[in-house]
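Residue numbers (the working numbering), protein chains in the order written: chain A, 1 to 248; chain B, 1001 to 1276.
The reader is advised that the hints may include incorrect statements.
[What the hints assert, rightly or not] Derived lysine-lysine pairs resembling BS3-like cross-links, with alpha carbons at most 25 Å apart:
hint	chain 1	residue 1	chain 2	residue 2
1	A	Lys-128	B	Lys-1219
2	B	Lys-1219	A	Lys-107
3	B	Lys-1217	A	Lys-110
4	A	Lys-110	A	Lys-99
5	A	Lys-127	B	Lys-1172
6	B	Lys-1172	A	Lys-67
7	A	Lys-110	B	Lys-1172
[Unchecked claim] A partial selection of chain A residues facing chain B, derived with a Cβ cut-off under 7 Å:
hint	residue
8	Arg-69
9	Ala-86
10	Asn-98
11	Tyr-123
12	Gly-126
The set of hints was computed from the structure by calculation and includes no laboratory data.
By construction, the Cβ of each residue, glycine as well, lies at the ideal position given by its N, Cα and C atoms.
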Amino acid sequence: MALITIKNASMGYEGKTVLSKLNLTVNEGDYICIVGENGSGKTTLMKCLLGLLQPTAGSISFGDGLKQREIGYLPQQTIIQQDFPASVSEVVLSGCLNKRCTMFYSKQQKEMAADNMKLTGIYDLGKKCFRELSGGQRQRVMLARALCATQKLLILDEPVTGLDPMATADMYALIKDLNKNGITIIMVSHDVNSAVSNATKILHLSRNNYFYGTAHQYLHSDVGKKFILSDCPCDDCRHRAQGGVHNV
Amino acid sequence: MFDFIAEMFSYNFIVRAFIVGTLVSLCAALLGVTLVLKRYSMIGDGLSHVGFGALAIAASLNLAPLEVAIPVIIIAAFLLLRLSENSKINGDAAIAIISSTALAVGVISVSVSGVNTDLNSYLFGSILATTKVDAIMCAILALIVISIFVLFYNNIFAVTFDETFSRATGLKTNIYNTVIALLTALTIVIGMRIMGTLLISALIIFPALSSMRICKKFKSVILCSGVLSLCCFFVGMCASYKLDTPTGASVVIVNAAVFLVFWLVEVIRTRIKRTD
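Please take these sequences and the hints and turn them into a complete structure.
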């Protein structure tokens, strides 16, 4: 059974349909990047996966013991958070609220938060104020919070927006590590080149159409070739550049 | 000092006003933290203007003030919340329109009906206006607000910090927003007769803003703004008795002074940090 199965789904908002007849499955351990032009429905698809929007037709079903509210979500940061007075541990702990809503966090939840803070390398910042952190540190805090909400699947919305090259590389390395540890990743990204080199599968959305396949297949698809600026270094492409026949 | 306080509290109306004012200050401060952080500060201001309009109409039609004002202001709270959430309409402009219209309706109904009520006391508050019913309602309201903040503290934090994430993890964020707007509406209706239409929103905004200058944790911001609000109300009320100044305005001035001090502390602190 797949983690997520999308069957013949149409999605949209305010009466507009942006995605139609989408069929795909997400398996455990996948690292999927969703790419595409602005307005192609990346955010809409993500909202439907999270249950913030309902598909207008078709269905999205969850398997392998995944519940919709147990998806770890890393949203884009909002203006509200820029000057929000909260400690790092307060923010991370708030990821545990999908398990049990009680007056106080249990010892177990506190341990989980501490583990996830160690995992994302922000354990020492626990008492610091969120608004005093750098952009990269903030994203790690948000990632630790998302990890508190899930054991299986992370959905990341442009996680490297606004980060410097160093912090971006760190973030990608961290996400890759999490994926190696068995967490399925779905990431919305504008950074197609990194998407292709990091992800195992690419979902390219464009108006009225979509591509879903491995990163390798994507590089050699028509839509992928148009979207990627750099030359593909693989043997097939070099062969083709030299006038050979391409057979992927 | 003690003689002065004892003398002040020997008047029944002052004791009543003190009880109502303290409880309203506390409720406003707690609710204010989430409202200010969510950029909903102007909702408080809008609601108080709507409340003024309702009170004025009630007075000119000879109806009981609270029975008219409470339902009107609750409806306005829902409306303003929807407007602020709806990104299509410019939220703050919509609030400005609603509040000035309500104010205009109030002023006209007072002048047309020729009711012999002092317009000043609606606009700037009057310590004589509180009744026993106010005190009882206020106590109930404070009990509800405090218990919601204690019982659902973690969820309130989550919804304030990141509504989308909270919704994705299954929290019913709409319910929280609605409850907060509802409680804010009630706090304003009860508080506006002491503090005045034009000044009540200060009770919501100032304590939260002051605490945010120096506190680094959400929990400490909430506790600090509750305590600050109580202290400011007490000092403001004593000052207004001693100096014979209007109560509402005196409380606001004390709040503003505290904000200034906290802001200075923040500025000095960041300077010191930078030179380190």
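Comparing the hints with the structure gives:
Restraint check for Lys-128 of chain A and Lys-1219 of chain B: the C-alpha separation of about 14 Å stays at or below 25 Å, so the hint holds. Simply put, Lys-1219 of chain B and Lys-107 of chain A have alpha-carbon atoms about 19 Å apart, close enough for the 25 Å limit, and the pair holds. At roughly 17 Å between alpha-carbon atoms, Lys-1217 of chain B and Lys-110 of chain A fall within 25 Å of each other, so this suggested pair holds. Restraint check for Lys-110 of chain A and Lys-99 of chain A: the C-alpha separation of about 13 Å stays at or below 25 Å, so the hint holds.
Among the hinted pairs, Lys-127 of chain A with Lys-1172 of chain B is inconsistent with the structure: their alpha-carbon atoms are about 28 Å apart, more than 25 Å. Restraint check for Lys-1172 of chain B and Lys-67 of chain A: satisfied, since their Cα atoms lie roughly 16 Å apart, inside the 25 Å limit. Annotation: proposed proximity of Lys-110 of chain A to Lys-1172 of chain B holds, straight-line Cα distance about 23 Å (limit 25 Å). This hint holds: Arg-69 of chain A has a C-beta 3 Å from the nearest C-beta of chain B, less than the 7 Å allowed.
The closest approach between the C-beta of Ala-86 of chain A and any C-beta of chain B is roughly 5 Å, which is under the 7 Å cut-off, so the hint is satisfied. Because the closest C-beta pair between Asn-98 of chain A and chain B is about 4 Å apart, less than 7 Å, the hint holds. Because the smallest distance between the Cβ of Tyr-123 of chain A and any Cβ of chain B comes to about 17 Å, over 7 Å, the interface hint for this residue is violated. For Gly-126 of chain A, the interface hint is violated, the least distance from its beta-carbon to any beta-carbon of chain B being 11 Å, above 7 Å.
Consistency note: the structure conflicts with the earlier hints numbered 5, 11, 12.
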